[in-house]
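Please build the complex by placing chain B on the supplied structure of chain A, with the hints as guidance.
Keeping their order, the protein sequence lines are chains A and B. For the first sequence, position 435 matches number 590 in the numbering used here, and the numbering has no gaps at all. For the second sequence, position 129 matches number 448 in the numbering used here, and the numbering has no gaps at all.
Rough simulated footprint, nothing fancy, chain B against chain A, three-plus residues with beta-carbon under 8 Å:
| no. | segment |
| --- | --- |
| 1 | 485–493 |
| 2 | 496–503 |
| 3 | 514–528 |
In case anyone wonders, no lab produced these hints; they're calculated from the structure. Note that the coordinates shown come from a computational prediction; the quantities given were computed from them, not determined experimentally. Glycine is no exception: its CB is placed at the ideal position from the N, C-alpha and C atoms.
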Amino acid sequence: MEQHILAYFVPKGICIDIHEEHTFGEYILEFPNLSSAQVMELSTRLRLNRGKYLANLKTERIVEIIDKTIQLWLNPQYPLRKLAETLLPMITAYDAEIVRLELKRFLRGFRKKDLYRFLDEEFDNPGMLDNFRPRKSGGFTRVYGPELILHFFSGNVPGLPIWSMIMGLLLKSAGIGKTSSAEPLMAVLFAQSLAEVDENLAECLAVLPWKGGSAQFEDLLLERADAVVIYGSSQTVEKIKNKVRQPIPVLGYGHKISFAAVGQEALTADRYQDTVHRLANDVSVYDQQSCLSPQLVFVERGGVISPRQFAQLLASELDRYEKRRPRAKLGDAEIHAIRSLRNRYEAMAISNSEIDVYASGGGTEWTVVYHGRPGFEGSPLNRTIQVFACQCLEEALSHLRPYRSYLQSAGIAVAPERLEALAHCLAQEGVSRITAIGQMTLGVAGWHHDARFNLADLVRFVDIERSAEQLAELYDPDVE
Amino acid sequence: MKGWSEELVKEILGFIHAYSDCHSLEAELDPEFNDLALNIFKFQYQGNPHYKRYCQRRHKSPLTVKRWEDIPPIPFQMFKETVLACEPIEEAEAVFMTSGSTNKEKRGRHYHPTLEVWDASMVPPFKHYVLPDRDQMTIYVLSPAEDVNENSSLSRYLSLAVKHYGTRDSAFFFSKEAGFDMAGLVSALRKSEAKGEPVLLMGATFAYVHFLDYCRAEGLAFNLPDSSRIFDTGGLKGQAREVTMEELYSWFKDYFSIERELSINMYGMTELSSQLYDRTIATKVKGGQVCMEKIGPAWTRLQVLNPDTLNPVSFGETGLLAHYDLANWNSAVAVLTEDLGYQTKNGFVLLGRTKGSEARGCSIAIDEMLAEQTSR
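In isolation and in its complexed conformation, chain A is listed as follows (with noise of 0.2 Å):
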């Protein structure tokens, strides 16, 4: 039985032409023919809805309906889970086992707790987004969120729109999804089951594909926003916010580059396993197209294992790894990409004794090079790792200066007295995540994703000064 499956989500009463179907087994998925003046209709409706509905509603309620829904996602029967578990696989290649788990952990950090923990970090009082609060000097403080967001969504991460969809809910903004060709899909499903739980509330979101930059209503769709929140590459950021004229807040998640760093205490004999074991989730977790996932890893001479052993250890667990959740299959540029960097290191290992490549004897699978002294070399992704021996952690971090501006996460394992003064070398080279190895694809509730706020850079603090205040007392009739 064929199912027809809509690859866009928009408010009803809009009626929008199908122009392209693409096949995924006995699934269709349509996509839209857009034009600029339903796009511009569209835009004008959800700013309309918004201020009818979702502007007045009580941020403790839009909690709850997130919550709502995302617990409606946490159920294994729920029926769109049950859809998006069979159809993202097909889409994105990854593997269905990969998607099902990470899908799951990615849905849990946006319960009831998680969402608080998100308002709460970055808003002294969250009340602020409801009225006017006190504040501690005298005065007052009310927050707006802005009136439409314009999201450009990637495809790397299935799920990863969700996130900023609930940021721009949380802040009672409507909001205009681009979802990326690689992965249209689920936005679509999260907005529909937002929908299920609150009409009026979806009523306030469209999701739709179209090709970034080719669109004219992209460019009208720009000078509409309030505020333009962008994933993609540098590239892309650089060149949606080019187009911004007027002065709103834009957002923009890059390229970024992330590490892992192993220090000799993680390497002990009843250690080394589970500090093997964790590193090689992360490589393998969505192929490593995460911004959060590692690309080389430092690991300190000292251990019970030395750095070599670390690597072919590692080449060994990401056999078992492929072998339960096979990497996804490639296209040309990509192979090409790890072959092209095997070769490169297979040659200079014949001769030079402190470079070696482990690799998966069929096809690209996987690859593990091995540097026997510190330095800095990412990976074409897909389960690509360099690792670089060295004899201490911290003399590794000079290596880290000249990609400053791309840093992001690092996945540490040492021992509690070095991790502050680390995570300060860390910090001062550019990175801004420090975490747990074997967590390293699971940003967390409330954290500074690269380095920024999630909410409080897209919104306007309004100040009632004391004197106002003041001011108004003077003219109450009543005054004595």
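Below, chain B without anything else, positioned relative to chain A:
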């Protein structure tokens, strides 16, 4: 290794001389090709510890390899990263180097203890594919010859072509001091036009782009005499300007009055000792259907490999090209390139260099990132 290598060189020269007019698709030569390829493999395996280590990593040794197809092709990067030679390099008659466009310090080096094999491999196929119908021709060379760059295999190639097949009027238009003498070439071409004597232009593909830019700017075009032809090599990869081969060939027609069928692209690389050619001229001269595919001499073979697994693809499928070249006796008898192509019953079609991947989202491969940084 001295005695052995002398023996081997003799054998290879014997093969080349015996089959100088044959090509790589002639199946009846396979057994002989196979024997000699395995001999060379054994020689390289024992003569070069680096080569041996690479083969061992792939679980290949002369004991296990019985067919030339199973000899592991060496990634061309190995010429950069290590010394690929069986004979002492300080005694080499020549060392050819890659241009090192990305990193001047790291140039691929191909050592030739004697140029006898390289020369023997170059001359007959050149005649066969470029000048099948003539004993001599006036050759105008647009790219540096041997006197300008002694470490370039292309320079030696160009010089040898002129030495063996050039008429007295042949000339080189690239000198160390003045670079590419375009005005000189223009007046030489005018003279050929006036005399009605056909010419062969030879040079790197991009040299033509520069010369045609010049012609365009000066408002020049030529009506070169019948039978004139154009030889180009190297392709258009890695150049700042985007020009396709199709565009270039159409310009050859517009600016030189030379048809595609009399244009020939030679596929060669520093890492090989033989060259492969378009079959255009050879088949046109024969009068039958003109073949656009490329082919190599009898002492070469081609394998097309799946880029993911490096196993051979089925016939006709696209993959990475691995060249087997008996003239590569001192370095590596099989070389793995990053060129893509596919085989046909007439030879093979070159599709160009592989391109690295583009990031799908916020994660980025570092190569791209550096490119981003430098382009700012």
